[in-house]
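As you go down the protein sequences, you meet chains A and B in turn. Going by this note's numbering, the first residue of the first sequence is number 1, and it counts up by one from there. Going by this note's numbering, the first residue of the second sequence is number 1, and it counts up by one from there.
No lab work stands behind these hints: they were computed from the structure. Do not rely on the hints blindly, as some may be mistaken.
[Stated by the list, open to error] Computed cross-link-like contacts, DSS-like style, restricted to lysine-lysine with a CA-CA straight-line distance of at most 25 Å:
(1) B/275 <-> A/238
(2) B/286 <-> A/94
(3) B/103 <-> B/121
Predicted, not measured: the structure shown is a model, and the values here were computed from it.
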Amino acid sequence: MNRQQDCILTIDLGTGAVRIFAFDLQGIFIGSMKGSYPTFHREPDYSEQDPEQIFITVLYVLKNFLNERIHPAGYQVTTICFSAAMHSVLPVDKKGNPLGNAITWSDNRGKQEARLLKGTPLGKIIYDATGTPIHPMSPLIKITWMKNKDKERFDRTARFLSLKSYIIQQLTGETIIDYSLASATGLFNIHSFQWEQAALDYAGITAGQLPDLVPVFYSTLRLRGEFQASLGLSGRTKIIAGASDGCLATLGAGVWGEGKATITVEQSGAVRVVGKEVLIDEQQRLFNYVLTKNYYVSGGPTNNGGVIFEWFTREFGSFRKAFDLEDSMEGLIQEASKIPAGSDGLLFLPYLLGERAPIWNANARGVFFGLNMQHRQQHFIRATIEGILYEIYSIGKTLEEHRAIHTLSINGSFTAYPFWAQLISDIFNKPVHVKNNSDSIGLGAFLVAATEMGMHSSLEEATREIDVPGMYKPDKRNHDVYMGLFRIFERLSSKLADDFEEIANWQSR
Amino acid sequence: MNPYLLQKGLSKELDLFPHILEFGLKKTQTIRLASLPVEKSDSFSIYYIWEGRYDWNINDHPYILYPSDLAMILPGQPFGSPRGILDIGTYSWITLDVKETDKTFGPWSGFSPTESRSIQKILWLNSIPVAANMKETGKLFQQLAQELHLQEIGFQTRVHQLTDALLILTARQLIHQNHSQRDFSGSFMKLEQELRKNLSHQWAVEEMAALVGLGTTAFTEKVKSYTGFSPLNYLINIRISEAIKLLKQTETHLTDIALETGFYSSQHFSTTFKKLTGYTPSQFRKDNTDKS
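With the hints as extra help, turn the sequences into a complete structure.
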């Protein structure tokens, strides 16, 4: 078998699905396959996933992908590189078996624990050391919750894993976590690259109860013999630890270096920049995650991305075909494009799910503001999209207090709509390049693998090969309209804090 | 409309229809105490309101029913008025001898076995036992009454058809009520919960599709694009992941695990498990319980 036939697989353990990509050694995309798994909400604030179902889904998709696409085409898999959603916690017993479901990033059960720590001197010390905002999403807070509210499970837990650690453990027998994913746990010191003692003490655990720390390039893992046989993979296939999906999406979007930022709009959203230094925000609004020792990915996440537009479509869109959300969304976007920029002064605050960056207010709620008798149904559609993107802009603006941003690379299923891409360009008043998000994660993981294999001297060099497609240029007049409204948006978001709290309390009474 | 009451064993009209336990129309003009206490129902009934306003408790939940509303009572569910009295008004009802465990509704029904299972699933899994705007149901009740009273040529077949039609209409309405046809992920989540609750059941794709209110083809296509798997392969994911938990956490015998998670036999379980994981179930159990 000649060298051209070698290929690299990337496996992304996303929030709702596993996506497997294959690339040849030149970085040419060969194919991909996905398989989804559910998130359970046993109680209002709970978001959980079944680790065994994820494991089986990964195996199943991997097996189908290999048998249908890779083996028949004569490819030999030399390397498999992992990425995964951040912030999951899976307690396991001393045999390594899960104690119940994994708790995922969107779980909010630790609200009270987060409130108690946030704003204290210890909270500040932990944030500065770990780079992860003090928030229920953080594994630090989740483990603290378990110590306080689920003592029995806490006491039986030998180790607190991430979902990715569990899947890799099942496949290889080793229990590891890469620096990148570890840096999103609130337990990892992003300056010294070790577990942070102050955070461990606060959560009531020891470093031995966490997976072993490894660099993202860690490549000594091998598949268990049984899986080599059942998957038809060689015992020499390298398993590379890889990184978190957020860091890899940034890498794969080619945003590597000064003056660039990347925006992701999937169900949720994020704005990120990369730099060689930690970005210190006095108000603790931003995260700092690491990819490798030289690179920090900093930014802010929003809860209220495309999920809000999906909600709007479900409730108010017209459905020509049963369950055809896509079709209905496209119809709405077409309607929205008939309304002038700024929706004739109808403003929308998209905080239906509470909000993370930059206001970090779990009690925030949605608001339509400025309604008058001239506003028609179409204004609501456009205002909804504009509101989601004002929120993204407010994160970008917070980042710009620290770093200059000249160009944007956007990705995620919602930025694939030209209408959204142009809106982002106009609101930010910056040129915008569009990339597909799951492709970006896969490509990012491929670049880690390729760099580990010596095909690039550094990640920075690796990103130079990424071609940046499709550019949107900002319209200055629209930008001015948006800025006039954004000022009101920003003021309302902070001014309403007391009323948000009161209405949230009323709603949860 | 004149009131009437037909009862199995007492009314000759029902002699040819042993599955119909009661069929009647009730008119109430004065309120009497203790005329409708809450009692556990032992059979399956459908009520249709013609006039009045009824305060009823069905399966421990209060409902207010108005004209052209329908109520469905399953065997074992408590049913009655919270104040114990029958309100003023008029309603029709039919009580049928059907149970959830029955493979089919009976020789009288024209349903195929799969249709029959699907309709039963929909009726029995339903959480809201009332439906509004069911004038079509009222018409079916009128036609049934006419057929049973006049007994014209072909009435036996007509009664069977009308009973089937009544069940179809009820099932369809409940499905549309539970699934908005706008939110596939929400509907799929509900289906997933049902699959997990009844994992040992031999699910057919038709049944799963019926539960989200889609035809088999549209359902399969939708599931494939949403999950990446065919409906049956998605079901295998759930079966195997539940089996893994049982293998790791319990001493349960392999055959019992196989049946509990919906495999035909321990042989079928072993083959599927090995194909997917590379381990036989017993190897897998040994590997995951020996470690210290």
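Verification of the supplied hints:
no.	hint	result
1	B/275 <-> A/238	holds, 23 Å
2	B/286 <-> A/94	holds, 15 Å
3	B/103 <-> B/121	holds, 11 Å
The earlier numbered hints are all upheld by this structure, with none contradicted.
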